[in-house]
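Hints are included, so try docking the two chains, each in its own frame, into the full complex.
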Amino acid sequence: MPRFDGPQNLNHEGPVRALLETAFAALEGRVAAADACFERVTRTEASRQIDGKRALLPFAVKSGLVMRLVAEAGQRLEVSLGDLSPMEARMRLDEAVAMLSVQPAADARALAPVPRRERRHFGPHADLPEATVLASRWEKLLDALEQAISAATPAGVTVIHRVRAYLQIEDKVVADMDGLWRTQSLPQAFIRIELQAQREPARSRFVVSHGALTGLDALVTADGKLSAGLGRDLKVGLERLFALLGARALTPEERRRLTHYVLDPSAMVFIHEACGHNFEADLIQQGSSGLFEADGTPVDPMLASPAVRLVDGPPVDAQGRLLHGVGFGTQFIDDEGVEVEPVILLDHGRVAHVLHNRETAGRFGVQSNGRGFSELGQPRLVRMTNTYLLPADPSFLTQDRAAFLQGIQLGLWLEGSHGGEVTGDGMSTTIQAARLIRDGVLTDEWLMPCTLSVRTRGALKTVERFHGDPVIDRPGFCGKGQAKTVTVGGCAARLSVTEAISVAW
Amino acid sequence: MPVEERSRRAQMVANELEELAHRVSRFPGGLARTVDDVEVWLQRSSSWGYRFEGRRLSPVMSLSRDRIGFRVLKDGRIGHASCTRVDETLWRACVERALAATVPATPPTFVAPRTRKPGPLTFDPDLADALAPPRELQRIADALSDNLWHESERIGQVKSLEGEVAYGLRRYVIGNRGGVAASLHGDLSAEIRINRSHGDAFHVVHSPESFQPLALLGARTLRNMPSEMAAPRDLKLAGRVPVVLHPRAFEALLRRLVVPLLTQGSRRAGLLPFKDGDRVGHESLTLVDDAGMDGLASSRHFDDEGAPTRRNALIVRGRLSMVLEARSPETGQGGSASAYRQPTSSEDPQDAPLREAAASLLVERGDLGFHEMIAAEERAILIHDLLGLHGADPGRARFACGVGSGITLERGRESRLLTPGEWQVAGSALTLPGGPAGFLSDIVLSRELYDTGTAILPYCLTHLEV
Chain U
166 MPRFDGPQNL
176 NHEGPVRALL
186 ETAFAALEGR
196 VAAADACFER
206 VTRTEASRQI
216 DGKRALLPFA
226 VKSGLVMRLV
236 AEAGQRLEVS
246 LGDLSPMEAR
256 MRLDEAVAML
266 SVQPAADARA
276 LAPVPRRERR
286 HFGPHADLPE
296 ATVLASRWEK
306 LLDALEQAIS
316 AATPAGVTVI
326 HRVRAYLQIE
336 DKVVADMDGL
346 WRTQSLPQAF
356 IRIELQAQRE
366 PARSRFVVSH
376 GALTGLDALV
386 TADGKLSAGL
396 GRDLKVGLER
406 LFALLGARAL
416 TPEERRRLTH
426 YVLDPSAMVF
436 IHEACGHNFE
446 ADLIQQGSSG
456 LFEADGTPVD
466 PMLASPAVRL
476 VDGPPVDAQG
486 RLLHGVGFGT
496 QFIDDEGVEV
506 EPVILLDHGR
516 VAHVLHNRET
526 AGRFGVQSNG
536 RGFSELGQPR
546 LVRMTNTYLL
556 PADPSFLTQD
566 RAAFLQGIQL
576 GLWLEGSHGG
586 EVTGDGMSTT
596 IQAARLIRDG
606 VLTDEWLMPC
616 TLSVRTRGAL
626 KTVERFHGDP
636 VIDRPGFCGK
646 GQAKTVTVGG
656 CAARLSVTEA
666 ISVAW
Chain Y
396 MPVEERSRRA
406 QMVANELEEL
416 AHRVSRFPGG
426 LARTVDDVEV
436 WLQRSSSWGY
446 RFEGRRLSPV
456 MSLSRDRIGF
466 RVLKDGRIGH
476 ASCTRVDETL
486 WRACVERALA
496 ATVPATPPTF
506 VAPRTRKPGP
516 LTFDPDLADA
526 LAPPRELQRI
536 ADALSDNLWH
546 ESERIGQVKS
556 LEGEVAYGLR
566 RYVIGNRGGV
576 AASLHGDLSA
586 EIRINRSHGD
596 AFHVVHSPES
606 FQPLALLGAR
616 TLRNMPSEMA
626 APRDLKLAGR
636 VPVVLHPRAF
646 EALLRRLVVP
656 LLTQGSRRAG
666 LLPFKDGDRV
676 GHESLTLVDD
686 AGMDGLASSR
696 HFDDEGAPTR
706 RNALIVRGRL
716 SMVLEARSPE
726 TGQGGSASAY
736 RQPTSSEDPQ
746 DAPLREAAAS
756 LLVERGDLGF
766 HEMIAAEERA
776 ILIHDLLGLH
786 GADPGRARFA
796 CGVGSGITLE
806 RGRESRLLTP
816 GEWQVAGSAL
826 TLPGGPAGFL
836 SDIVLSRELY
846 DTGTAILPYC
856 LTHLEV
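So the protein sequences, as listed, match chains U and Y. Per this note's numbering, the first sequence starts with residue 166, numbered consecutively. Per this note's numbering, the second sequence starts with residue 396, numbered consecutively.
Looking at chain Y on its own, in the form it has when it is part of the complex (with noise of 0.2 Å):
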């Protein structure tokens, strides 16, 4: 392929981004007379790529959809409005709507926006370059179903197919009187699942330097995926039993039921009994929210305040350390950089109340392999993903799931799938007055590693009730 192509698709997105920076950074200016201050936050996604429908590649492409929240200041008060359209006369209709519904403003300035210094690697312009040409992610896609099929055809067993490849680009831009800050993501994924019950997961910042290994994702995931399934009934499996958590559904349970509760927010309003130093967990555990990791979709150089995003380390060697926390009201000075426009629900993220929410997670690895770790149990199970765990109660720290897809460990191999609906399980992740022990403090994390795209996290080998 000419150098040429190549190397358009990073430098368009580059200029592009400036563009977008440098409408935001000229925004307010222009309302200096009606205004104390506005703050623009925006973000652009684009996505393309294939999604996988049996033996069928559907192409989807979604081009530059954008989201834009305001927060405009006047007198000590705050309005809030958004649009998705880049569009500074649609801007400054949003602007007078905002001043029309005011509430008192907490804190009452805003962040001088800058950037984490050094900031982590978000975008590879090397990726964005080799997936540019149409061509390019349909002949990864097909070369990924083609090895599926054909592996399929010597060992059986794929009745169906569901998943997706893509390629996403996103652009953060925050900006207001104090200035602007802007970054560029880029990432490749692929998720596939097969017979609706057994899959994997791909993902990519940098680019590597052979796609081989996204193209044989499905033959590999079939080649390990067992033959047999197996109920609770099977394996005479009740009460609680030795449970490893896939690091998905241990970065899951810890998104859902554990950094929700280490925030001022919850501390405020008495849901976090522990104070800073008390024992939360195993003293194996040591888990950081840290924004500045390499090579992962959620790593951010600065917050949606625009504050350069910082290391916080909640939980060092089982002991509560700190808590997510907002800039002090009075002073708007503090915090730990970690307020984000975290939708729930139904919520768009340009509607959304900046939340204290954590961005990439780190846990430390342990110190016995998977093999090890797993060879003292006679039979234990390996939760790949748990279904329905939106449901589960922050407040309590108390989830019961099903299990959406998973492997008995029997004699230390995996052997059987687990048969999907016919299982459930149930805990507690942190051990709350009166409550029943959480499984944080019955831990052994694995010395390997896994990159889930948004968290580097051992396996984590517990019990659970089935």
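Isolated chain U, as found in the complex (with noise of 0.2 Å):
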């Protein structure tokens, strides 16, 4: 059995040996494999309700392990242990074995190997400040929040908001009985913040998410200021507010009318849904997604217009070079110990790979490409970090705005996307806010928060060219049985009307 030895770099890294170590002395003789994944998330939270009460959480820790056992004939199951002691441990494996042995023979495909073991520690050593201090950040952060949107509400109008807010350090540590031990430390600060105004009848609603995997700075100064990333989205975000207190729905007259429509980099939930989970081998396995058939085999290998090139992973700019700091979702290893590279899913339109685990990966004979996550010791699902869309190549990309909307006699610029969900065959997702496109020009006529509705096969196959430098700060949470962050983005991409996509209102 192994002993996990050698220099320790997260907290409480010792007790996690200990507890591991006991584990798979357990199951010695009992399973021929066997593999872990054990987080820990030490979280301080901060939230403001709508009727004004504040609510600190200076310390909130959560664990959780989970184990794949791999019995002699190939049957293998994943078990949620929760977070416990070596001693628990042992008798919660006794179950687990007993589940274990009441499953028929599998098919054998062994899992996809770990492609590169060497290296153990990835990601920053970080702590969370101490509570005191915390607290006194948190409510400097609460109130420039309500000093700002006071200051920003026109006379006549009222404004209220909802905040959410969390700083956390995540640990992770992959195991397994050949001895591997990868760990990974992520700090990830988070704000939500709901605005709803009132100027009777009329009311709006705008929803500003923003989150960086940096410590507090990244949301409130140490002397009480917005951070400038979050002030500018907000800033955005209260326009965005009030502008939509005079907005409208589009006529059923120019719905017909409609020649393209443009998504903002803030809209692209989209691709994430429409297109992103269809590429989870997964899904494809069981015959879930609207893209493939089960065996791998795409329904369409031209899936988008030649100017599409999707990615997901650490975000890279138009030209391909990785950019640092970038995407709430990233990772740099997935919860199987396999290190995270960019994947391109469609290149020049044409489907170039798909996401897999270790568990797809050998069932379809490949290399595993890191994207087997589980939420804190839940099973180990396929999993999107940060997926973008991007220009195929240069010639599709234009700086000039003018130039992009040239030729657009009635559009729509949609912008912001809160939440999205998909059934294989179709997506659809919530846009906070739209604005005319006439004759080329953006206008100043804003539309109400509306439904963007695709069929998945047809989602990007009229996608015309590219407008702008890519935008991949939009932090999400997908949930696919399990929450995971994300991040969604890319450039503004024109798309040409079609009978897959339609808003309703």
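If you're looking for bench data, these hints aren't it; they were derived computationally from the structure. All of these numbers come straight from a predicted model, not from anything done at the bench. Backbone N, C-alpha and C fix where the C-beta goes; we use that ideal spot for every residue, glycine too. Careful: at least some of the hints might be erroneous.
Distance condition first, Cα-Cα at most 27 Å in a straight line; then the derived DSSO-like pairs of lysine-lysine [claimed, not checked]:
(1) U:Lys218 x Y:Lys512
(2) U:Lys400 x U:Lys305
(3) Y:Lys670 x U:Lys645
(4) Y:Lys554 x U:Lys626
(5) U:Lys305 x U:Lys218
(6) Y:Lys554 x U:Lys218
(7) U:Lys390 x U:Lys400
(8) U:Lys390 x U:Lys218
(9) Y:Lys469 x U:Lys305
Calculated from the model, a selection of chain U residues having no Cβ within reach of chain Y, i.e. all distances over 12 Å [what the hints assert, rightly or not]:
(10) Leu299
(11) Ala408
(12) Gly514
(13) Gly641
This is the structure we're talking about:
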């Protein structure tokens, strides 16, 4: 059985070593192979409810262990064991081995290996500040938000707001019976501000989300000012909130005359839902992808227009260079210990690669590209990280907005999406605000929040061109039975109207 | 199966709950010199079952996931902390950290935990025992899958199958110096989706006489699944059209757009423009939040402050009757016993603040049978579930969503599947000042009631924008 020695890179790494050594020892002779992912999240939170009530959570710690047991005949069981002591682990593993023993013999395709095993630690070492320091910073943040909102609110308008913010350090250990020991430490700061305005009878709503893989400075400075990034996002959010008080829905006649949609980088939940999920190999193998047959064959190898490149992973710019410190969904290794590399899903509109964990990579006979993630000790699924839409080559990109909009008779510039849902063949996402484009000019005619629905296969077939630098900073949480941090973004994309895309108010 | 083996699981679970309650009840006493009071909220959940992935069955097992939230009172201020391990040393560290960042406590006291009497039936020892041997659920999952694929060989159609069958257990314990309350919840549930476009669900808390209806869930769903699909243009449906909301879709709309408005918090923030007694819906609409209904996964003996739950009739015959209300900030008295650690977005329940929320929902039945109800409409659609409802705006009670799955109703019969990605519906739930008419003012409710697992609701015929 392995003994996990060597330098310790995480807080509390010693007890985790003891736990996993005990767990693997308890499985000796009872299973053919086993691996584990242990996660520990230390978090502090602040919130403000719509009635102004504040709550501070100076300390929250949560941990979870997931283990995969492989029997001699190939049966596998991934079991969530919770947050437990070595003694409790022994007892719970007895239950898991009993469950494994009644599984019928499986097709024994091996797990894909962890391609590189040498490097032990990833990410910066980070600690949460003292609770009293944190409490003061959180209060300052909530004060600064109230002041900024109050200062921006025009006479005659009432604004209420709800806030949730957190700072956390996520530590992760991935280990196996053969001695693999890899760790990762990742700080994360996040805030969500829900703004609601009333100027009776009109009401409007806008949600501002901001996140970064750094400390509290990403939200509020030590002297109580909003960070530059959050201040900018809040300012834009408030402008949208007030503009939406005078917004309207598109008329049926205008809807019939629409020629184009423009997706702002902030509205790219669309590509995460409509495309990204369908490239997850666990969904592909169970026949649930709308874009692939269960054997991995694309239903249509040319899934998008030749202008499109779709990427998941550490962000790169339009020229393919890695952007450091960007992307709320960034992870250095996945929860199976595989390093996370950028994966090109579509190139010049053509299917290039799909997303794999070790389980699906073994099934399809390829190498894992590090997309096996779990939420705190839950089973590891194939997940996206940062997903972004780029021009396939510079000829499809223009920095000149007038040139980008040229030729659009009647179009919608769609901004800000929060949340979406997909069922393989179709998806739906809420667009926070839209503006009309008339004869190639972006107007100040605001349209109310709407729903963008897409038939998956035709989603990207009509992309014509892109505009601006890639923006990959919209934090989000993907739910696939488990929550995972993700980012969506890219360059603004222009699509001609197609039956595969529709909007509704 | 030997009786001793069958009876072991329920007894073990009951013993475990008693031990947890004992540990929670002892904890505040040990901190008498440090704090005025400490409240421990504990949720332990576990589940095991099988996931359907095409023809494969994958075992899923989650053992004892603990979530523990603390609220600490000292000198009129309150602090919060949380952890995920039952370990008194860690709990004391949490209390110390909570004291480092307190805010004024409103109200300044905790509830003395008590349970509703008589409480709802949320755990059946017979069901826990029957599903205790690891082979039992596998047998049920196998039968469900085999029956479906067998039916598929006979009538074809199945390209993909997704879903899960699982037995889940939850234990709630809440304790402070005023006492301790504990409850046990166990349910067997299943959900299947065929060809990514049509599915059904099953839920039971009581041990059924037979598991055969569950074993036939897939085959039955497939037999009732129309083979053709229809887009709005095929039916020439557009504009305001008759729509029947399946109780699952109806519940989703009520929970997302109606219940959050019917709270004291919304009233205080100016979002709820109605007074008690105002008309908010059709006179056939009576909506009750009743945590005491037997056999629902959402029923509770006490809320997350430890107050015994009660029946809250929110809308009676179309008129607003009351709103969900927290305890008085000054005296700590009153309230509707509906304070829950209800997470939003990526929050964990142990970290979520107490929010006014509904437990189990009940809408009273209507007069017409389902088929009588739809016979009156030449063409309508039946919506099973909506996509992206979490993006809807509760402030305006307004939604515009894709349809996840549904069926056309043509000449009084269920005819064709709604083509995925082609259907969108929009509407408002309530009629707010200056806003469009809410669909709840224009409803016909079915005589049949359906158990969604968290609500008992009729089918709801209304009109929405397609």
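Inset, instruction - Just pull the numbers of the violated hints for me, sorted ascending. - result: Of the numbered hints, 1, 3, 6, 10 and 13 do not hold.
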